[in-house]
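Asker: Start from chain A and add chain B according to the hints.
Protein chains in written order, with the numbering used here: chain A, 1 to 369; chain B, 1 to 299.
It is possible that some hints are incorrect.
Stated by the list, open to error - One-sided and incomplete, this derived list gives chain B residues near chain A with beta-carbon spacing under 8 Å: (1) W48; (2) I142; (3) A143; (4) L174; (5) N181; (6) S193; (7) P201; (8) T249; (9) A273.
Because the hints were derived from the structure by calculation, they are not lab data. Predicted model, so just to flag it, every value in this text is computed and none were measured. No residue lacks a Cβ here, since even glycine has one placed at the ideal position from N, Cα and C.
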Amino acid sequence: MEKGKQLEKRGILTEIFVTIGRIAVSIFVPVVAFFILWAGFIFLRDSNANQGIIALVAIIWGVGGVALLFWVADWVVNRTPVHVAKKLQPFVFVGPALVILTWYLFLPTMRSLYLSFFDAQSKNFIGLTNYIFAFTDSKMLESFTNNLMWIILGTGGSVGFGLIIALLSDRSKFEKVFKSIIFMPMAISFVGAGVIWRFIYAYKPAGEDQIGILNAIVTFFGGNPQAWFTIRPWNNVFLIIILIWLQTGYAMVIISAALKGVPSTIIDAGRIDGASEMRVIRSIIIPYIFSTLVTVSTTIVIISLKIFDIVFTMTNGNYGTEVIASMQYKQMFRFYHYGRGSAIAIVLVIAVIPVMWYNLRQFSKREGF
Amino acid sequence: MTKIHKSKWAYVVNLILLVLVIIWSIPIIGLLISSLRPQEDVLSTGWWTLFKNKGVITLDNYKQVLGGSEYTFVDSTGATVRSSGDNLSRAFMNSFTVTIPSVIIPILIASAAAFGFAWMVFPGRKFFFTTVVALLVVPLQIALIPILRDYQSLGLTGSYLGIWMAHTGFGLPLGIYLLYNYISTIPRDIFESAFLDGARPMVVFSRLVLPLSVPAIASLAIFQFLWVWNDLLVALVFLGGTSDVAVLTQRLANMVGSRGQDWHLLTSGAFVAMIVPLVVFFALQRYFVQGLMAGSVKG
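Next comes chain A alone, as it looks inside the complex (with noise of 0.2 Å):
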């Protein structure tokens, strides 16, 4: 009895000792962490050592202290009781993200949402002066009738394009060759591709040689060279052109990955009920990955809604092919009326909405939601 007693006690005692001991562990490692990742902070920030070795640690430091800190904050989750663990759990996962997001790109929308009722210096409140400005001005409503033209034909022609490639090459026995050279605008960078593209519309007077293969067509068959980003509307459509040459390799590599995905089973099924290849297409293919090309859309639209480097290095929105991010982005850095920019901006994150929610509805067809 006594004897029973006295271990109870002492029980109690380990107990309480070994929860002090694990507190201070659960605090002791995160430290020893923090410590460490500090460290590599310091000498990244200010050694001088030889350039590969700097990129070298900077690698390392960088990629292994994103692991340490997930594997740190879930060894910590894990160290309180299990009730409290399974609420924690899934911020171990989500956390990092939302705190990133909150920091990067959620705080500077909220502030231009405020700075959006502001006048140029952002002193005074004018309510909603800038929006009706955003609503009214001719060159927004240009960059409004022009972003849906850039949104309906340069989503249209990429994902139709790349669809069509990817089906094709999934028929062909060069479907490597293809896709590849397909997918090689993807990676040029704006600056190259408005280098590369220059060659194409380039434009010198009639009787000259021309240097852009395009007026060097048309003066081929007797035609006169055009300067093809003055006429209007069709120079939005040139301008669409790039876009479409750029990102069609995105939609067939995401479409193509999601064509690997269906299960030969169905397709044979279908052949072998005598269904032809278009039929096979249409019922069974199409439907199979159509999540994958709402997705492939939404990035394309999203794009496409976001466009500024095309325009502004190629015609810097002159000639009525003005679209709201150049618009945004003049207000904001060239007249420095922040605004008006940040008006801009917001009815940019609106645009989206009714794409998002169309996005989410399918999300929630699924188990997720």
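Answerer: Frame of chain A; chain B shown alone:
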């Protein structure tokens, strides 16, 4: 999928593809040929005339772009010209140092978040996810100034850590969106059996989800790589213009700026910058070809 052999359709398919591929490659062929032509030819005649009349081909543009320091060459009139080239090799190294962690870090964080959003239950899940996806459209430009101010007070401007974090922040929405799309379609059975066996979520994530998501991660890696490698704006703002940290695109943009009409150097420079992304694409290409979920679950 079955390849079609020995039928007239195979020819039609290959013919259509061939036409498309030729159209797609014309601009790149133009770039390649232009990069091999002397300056005066590039500006006076079209690149395709190289085939018609015997044009001159030279590697001087590449020498000048890659060689760095000073070198001499004999120009078309026979005079010896001294010219200073652009040393891109340092910029190459900088581009790698910036790009590699800027690809791996966001993918690690995004795949963890995508797993959390897809397969874990917690309050505010739908709200947080919607917000993350909505952030896809936020134009970078509005974030630059606030973040730059934060960096100045933290001493992060011009540091690699700063630009990695920036690329991570700006790349996360697309990363989470694409990986969520993929991870949420992994069959539920796989997780259930793992959790029944008592596996912790971190183990499930690192042993099951990451290996299963290799095709999606490979495609995301390529796009993030291309985006970071070809990025100019973020590098300009957060890395600053000093030549010891400047990346390839900054040097290229400087060439546009300082050389205006030197298209012969721009073309070779643009071609040099293209090579690395292409190598990465070919290296990761086999992952795209893998069947997405092939063999992971039976029945």
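Asker: All hints, please: hold or fail.
Answerer: Hints and how they fare:
The closest approach between the C-beta of W48 of chain B and any C-beta of chain A is roughly 6 Å, which is under the 8 Å cut-off, so the hint is satisfied. Hint on I142 of chain B holds. Least Cβ distance to chain A is approximately 5 Å, under the 8 Å limit. Below 8 Å, beta-carbon pairs count as interface contacts, and A143 of chain B has one with chain A at about 4 Å; its hint therefore holds. Given hint, L174 of chain B at the interface with chain A, holds; its Cβ is 7 Å from that chain's nearest Cβ, closer than 8 Å.
Using the Cβ-Cβ criterion of 8 Å, the hint placing N181 of chain B at the interface with chain A is satisfied: the shortest such distance is roughly 5 Å. Below 8 Å, beta-carbon pairs count as interface contacts, and S193 of chain B has none with chain A, the closest being about 16 Å; its hint is therefore violated. At about 6 Å, the closest approach between the beta carbon of P201 of chain B and any beta carbon in chain A falls short of 8 Å, and the interface hint on this residue holds. A cut of 8 Å between beta carbons decides the hint on T249 of chain B: the least distance to chain A is about 5 Å, and the hint holds.
With a cut of 8 Å, the hint placing A273 of chain B at the interface with chain A holds, because the nearest CB-to-CB distance is about 6 Å.
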